[in-house]
Amino acid sequence: MIMKKYTYILMFIVLTFSTMSCKKFLNIVPVDNLSGNNFWQTKTDVEGFTNGLYARFRAKVGQGSGFSQVADLRSAPLISVSAGNYVGLMSTNNLRSLSIDGQWTSNYNFITNTRWKEFFDVIAAANILYTKIDEVPAAAISDTERKRYKAEAVFMRNLSYFMMVRLYGDVPYYTTGFSEEKLPRTPMVTVLNNCIADMEAAKGDLPWTYTDPALTGVRAMRGSAIALLMHMNMWAAGFDAAEANKIKYYDAVINLGKEIETTADYQLLPYENEQYKAIFKGRTKESLFEVFQNANNGEKLSSFSNLGYLLSHYPLKGTVTNVNSLAYYDREWLNKIYSDGIPDGRKEAWFENRTVNNGTFQFKKFANVYAEGLNILNDDNIIIFRLSDAYLFAAEANANRDSDAEAKRYLNKVRARANATTITSTGETLKDDIYYERVRELMGEGHYFYDLVRSKKITDSKYCKNPIAVTDFNAGAWTWPIDPIALVNNPNMTLNNYWR
Amino acid sequence: MAFLCLFLGISQNLKAQQKKTVTGTVSDNAGGIPSVNIFLNKTAIGTTNTDGSFTVSVPDNAVLEFSYIGYKTVRMSVAGKTRLVVKFEQDDNQLKEVTVQGYVSKSKEVSVGSSVRISGKDLQAVPVASITDMLQGKVAGLNIQQNTGSPGMRGSIAMRGLSNINVSGSGDGAFLQSTSPLFVVDGVPIDDNSNFQYGFQGAGPGISPISLIPQQDVESIEVLKDASATSLYGSRGAYGVILITTKRGNSKVPVIRYNTQFFFSAPPKLRQVIGGKGERDLRIAQIMQSDTSYYRSLALLGATPYIADSLNAYYNNSTDWQSYFFRSTFNQSHNLSVDGGDQSFNYKVNFGYFDQNGIQENTGFSRSNLRMNMQYMPSAKFKLYATINGTLGKNQKGSGNGLLNTGVATGGQASTLLPSPSLFSAVNSVLSAVTTDNDNKTTELNTTTEMKYEFLKGLSLTSNFNYTFNTGVEENFLPSTINGNTASLYTFNSVKNTIYNRNLLAYFFSLKNGAGEDAHNFSTYAFTELDARNFKADVIQNNKVVNDYLRGPIVGVDDYLRSLGGTLNNFDQFRSVAFAGNFSYNYKLRYVLDASYRADRSSSNGPEAGYIKSPSIGIRWNMHEETFTEKWKGWFDYASFKLSYGTVLQPQGNIYDVYGKYVNGAIYNGSPTILLDLKTLPNANLQPTKNTTYNAAFEFGILKNRLFGTFDAYYKQIDNQLREKPLANISSFENIKTNEVSVVNIGYEASLTGRVFAPSKPFQWTISVNGAINHDYLAHLPNGVREFIYVDPNTGQSILYRLGQNSLTNYIYNTKGVYATNADVPVDPATGLRYRSGKGTSTLAYFKAGDPRFTDLNGDYILDERDLVAAGNSQSRINGGITMDFRYKRFSMQIQGNYVIGRDVLNNSLAAQLAAFDNPLAFKNQYRIDPSGVVPLSAYDIWTRTGQVAAYPNPYDYLRANLVGPYRTNQTLFQEDGSYFKLGYISVGYTLNQKFTSRFGMNRVVIGGTASNVFMLTNYSGTSPESVSDLGRDSGSIYPNPRTYTLSLNVEF
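Heads up: the sequence lines are chains A and B, in that order. Taking the numbering used here, the leading residue of the first sequence gets 1, the next gets one more, and so forth. Taking the numbering used here, the leading residue of the second sequence gets 1, the next gets one more, and so forth.
It should be emphasised that the hints constitute simulated quantities derived from the structure, not laboratory data.
With a straight-line Cα cutoff of 30 Å, these simulated DSSO-like cross-link-like pairs (lysine-lysine) come out: (1) A:LYS285 with A:LYS431; (2) A:LYS182 with B:LYS725; (3) B:LYS679 with A:LYS43; (4) A:LYS23 with B:LYS613; (5) B:LYS679 with A:LYS150; (6) B:LYS725 with A:LYS132; (7) A:LYS182 with B:LYS690; (8) A:LYS182 with B:LYS679; (9) B:LYS737 with A:LYS150; (10) B:LYS536 with B:LYS737; (11) B:LYS679 with A:LYS132; (12) A:LYS347 with A:LYS285; (13) B:LYS737 with A:LYS132; (14) B:LYS106 with B:LYS452; (15) B:LYS725 with A:LYS117; (16) B:LYS536 with A:LYS24; (17) B:LYS679 with A:LYS24; (18) B:LYS106 with B:LYS512; (19) A:LYS431 with A:LYS248; (20) A:LYS117 with B:LYS737; (21) B:LYS613 with A:LYS24; (22) B:LYS737 with A:LYS24; (23) B:LYS737 with A:LYS23; (24) A:LYS23 with B:LYS679; (25) B:LYS690 with A:LYS24; (26) B:LYS737 with A:LYS182; (27) A:LYS23 with B:LYS690; (28) A:LYS23 with B:LYS536; (29) B:LYS452 with A:LYS23; (30) B:LYS72 with B:LYS631; (31) A:LYS300 with B:LYS679; (32) B:LYS679 with A:LYS117.
According to the in silico footprint, chain B covers these stretches of chain A (three or more CB under 8 Å from chain B): (33) 110 to 120; (34) 180 to 191.
Keep in mind that this is a model prediction, so the values were computed, not measured. All C-beta atoms, glycine included, are put in the ideal place defined by N, C-alpha and C.
Throw the hints in and build the complete structure from the sequences for me.
Structure representation (structure tokens):
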């Protein structure tokens, strides 16, 4: 009997010993990398991963072509001094010839605009963040923080979709984490409507601004979401076939304009005495969203990602012998947007030899990009959205809904800051004034081509020096070709046929 | 229990009888046998001396019983005798053998799984570094190909066909991912698939842990084949299990055995080359004949110094390059063992030394080990068993990696016109192969303790604990002369330790029937198993060593690009726990039912993955236990039928494949970022690979065991194989690891052994034949596709995976001879142009006389990848072996042969030799390169003149060679039948007369000689159809198998 007792005790010990800490025993923490089962435990994990979304986005922005600047080259009245053929090919929207130009695969690397993989890197990571953050223990992050991180993920994926829509038109759309689906392309307006609904739902979870000034503008804020929503609505309004829907989009933008005015966290900063340089350095109250870079940290983008590369010379860029800019804006066009008689602070502050039509022309908007004598070429944050952009959208939407007074209120806010005269026009003239104001205010910030496209002004020689024919436009001449690598392992994929 | 009582009762009755002294000898055909246990009424009363003689004092009419492992027990009465002569016969009733399945030993008669046992005695003939080499051709269904002759490396092992279709690497380095069986050495599993699977796959010494066991210390090897036998070994037993049992002491008188083998290794037949003037003349003739015009040819010749400048000492040579790489070597092995003791206490000490120099310069393997074990059993209830094994293995890989030695291959093909190797010679690969200082060491310490305690009759607990510590060191030094004027030093250091624990609770009981026999026999046991393994490797690479003589301290490192170091990414940690149980029932040994179940849980897929379960069940009918068979007693020994089903699951992938790998990204906004590595999309649904086997077997023995054999038929289905599936770029990740591949193997195995003469005859001749037929079929592919093609980017030798077909199909161009005349080339009626190569549209690309007749499958008159055909199977269909054993008195002879029938081998080596004619000017990308040597073409049916119907296309037309590719490797011209019969070895032995040897204090002396790898019967035109990669490609750079001639001496004191 005693023996039996011992037997049971021994069996018990053996069994408990081997099962007790089974889970712990089987959980391995590799020393070389973090594995997913040990991740998503602390706030540091979430913060690091979220920050990674922005880093991924910057990786795309910083690719050779500096794709935000591509919008300022394409169909733009730029004339090359010694830049090369690509300026002319871009300004005449001749991507077919561009694709055999040397710059297609070097320096500007225009080919990178045909690749969407990096956008999907952001989207996939954002989707994963959105899914996995629910697994972080409640003790590690508060409910508010969890919602904010989710909203940041939503913002980053919608921003990526929006950027892609502007480049390619229809794009595959998904919001599930860890997706391996072989999706076809979704019609552009559907993508935008999905994104709008997605962003609207999460917008409220973002803070107006951050207490840490280092995060201002660099991380998604509510203003960033509002600006993105305005852009998406306006783009959708331009392309939605149903006329009735346009009202819906304009009204949404009008409401967003009202919303952004409710906070004092965003302000238009003065332009006088070169104070505008601070805006473009970044992290200001005017900034709604920007991509961070800083040469001191070693976080530097390609020098091509700034329009100043083409439009500056010594002493802003290069050595004493560098007396000519690589390209200049056409005088006729500059005269059109800046009438000589009318005062405008931007005219004097940003231009040198504005109407000489040669290389001594200089565009100084990004003047603090370059450090004299140092080989640092590009150190400004890339401004994606800022407050005056949002105001001008509010103005445009109001004008389209025939509330001219409200439109003029927004427009003149922007003009007053630049010490320009107040605009009093109405109707179609007002709409044109708002358009030209966008051109003046946002020149070199990656909006020019897209404003032309969404408003279809690109087909009109009144607005565009090198217009695209309507048939070409409808066939997709405004898009970029899509790298055929998208077809690999995806039988449902199609490319943009216009450029094939 | 019943037996014991009976004996005790009898012994008491005999107490009062008178005693007398009886002497005698116990011997077999070869001489006296020491340490034979002598029993009187089941009580041990003595053992025989070293020469087999004995003296015992016993009652007058006693019946003595003599028993010894491996021999039939002899009972003999002493009534009226004082001297007994006992002749032992070897016991080979297969059914009474003890088999170990699922860590518990049982009689073969009640086991339902399919297994084969090989005695250690049959594995001694040829000195080998890895004991598995000796298993070749001995077990039906175990396909061992000695595809490397590199010392210390083991060849490929596959149990019952193909278990994996994944190909790693490309070109000549392409190989199938390893699925070698699990090795269990003395009850401790050793995983040979990780870290060591192929020496060349990862860094480090690459010495397999199985190579560290000396063959002399092996008592027996048991190969478990079907899932019902292996399921208790859990996930790692999915590809079969090989149990290795090492020797233990079992003799009261200590026995000292010394074994030595001297062996001579000779390189096999090497490639023939044309030397010196012959090569020059051939090159001149080639250029004059093939170039566009006479004057252009002359100009080209004049501009090619190695041909034109025949008076220059640099180009006026006839160097036999292969002689610098290959050599014959003398090698030795010594093994000394001491063992002794009895049931209550026994011990064994084995000291072994093995040294083999490779037949290629600068390669070799040596091993020293000390292996000890001891068993202590103070009472019938308690048993303690402990082992300590220490091993030091050293090898040199030269400039190669174990399987391949590409340096040797390219160097051996250099032009004979170039001067012999020196510091100033153009051909550096010789120096690199010879002067690379490559030194690898593996040290292993392996300790096991096993305790068994029997609480109650039939109920026992066994606890086994093992700790293994293994370090690997590789040092590779490249002197400055061969490394761009700076010496380079590479040091690799790895540490692996394994902890293994198993606690097993077993219970046996029987229910008696009316007649008092054990009718219903039950046996059940359950165990827990715990396994923990760590592996870490560190590397230092110093590319700027000061000179060739100083290797330290680390100096002259002024550039981080030139000196690297750190932990390698093959860092590995593994832990698993398992619970398993087995239930076995038999009715009078007649009907057997056996069921087992195992649940495994491991760290490889994370703790959330849950248990994976491996159930199995089997039944057996022992016909010979039926009463109706008694009337056949005269000729019938036994016959059994077995049916089994089992499933073994194996976790796949690693923790990163399931949960993703998070890595540090670039700094953003001054803060660190963490990104998900975009290589592999985490797959939370990763399933374990499922290996399901159905097995039916028939075993029989007739004519007093003069003829016995087994037949097996199996169906093996391997589902959920892991495979990387590439993804569309919109999912951001490159690929995902999924389990969507299934392969089915259907096969038949047979082995038959016959003794030609009756066991009592002095001349004995035993023939064993075995063979296995295996067919594999692809049953499922990723995404549900019906076929896909794996394109080898280097050689173009693609593999076609197509459902319902054999898994690995060569997908190559079909060559139907050679165009005899230009008129033979088909002409496109639409354009009026001849059929052309897809590589260009120049006039040279159009086929003409002397070009290979590639089949234009799609009829577009352009030869391109759309014309590839499914042409052959790189896996063997039938393989097996034959062993013949002759014994006459003290002579013995063993002949062993292996065969493979039906295998398609791609002779890349021949293709490369013929293609070597394509560059007589020795230019590559406008730079001069070293010219390559040429082989004599007289042996091949080469096209040389218009109208000739030849087998091989024109090799001399070098102007068009690049466009036409007449000697491209991916064509059926080079796909040959790789069937072969290899005479593995012939071994003879002679036992010296005991009377003579005992004068020198030696009990038993056996001298012997062996010749191995002697000849091969094959139609294959290359060196050997066995020296090919497991994808059936003969690259020419594979380390060839040497021929060895051995003299051996065994002395027993």
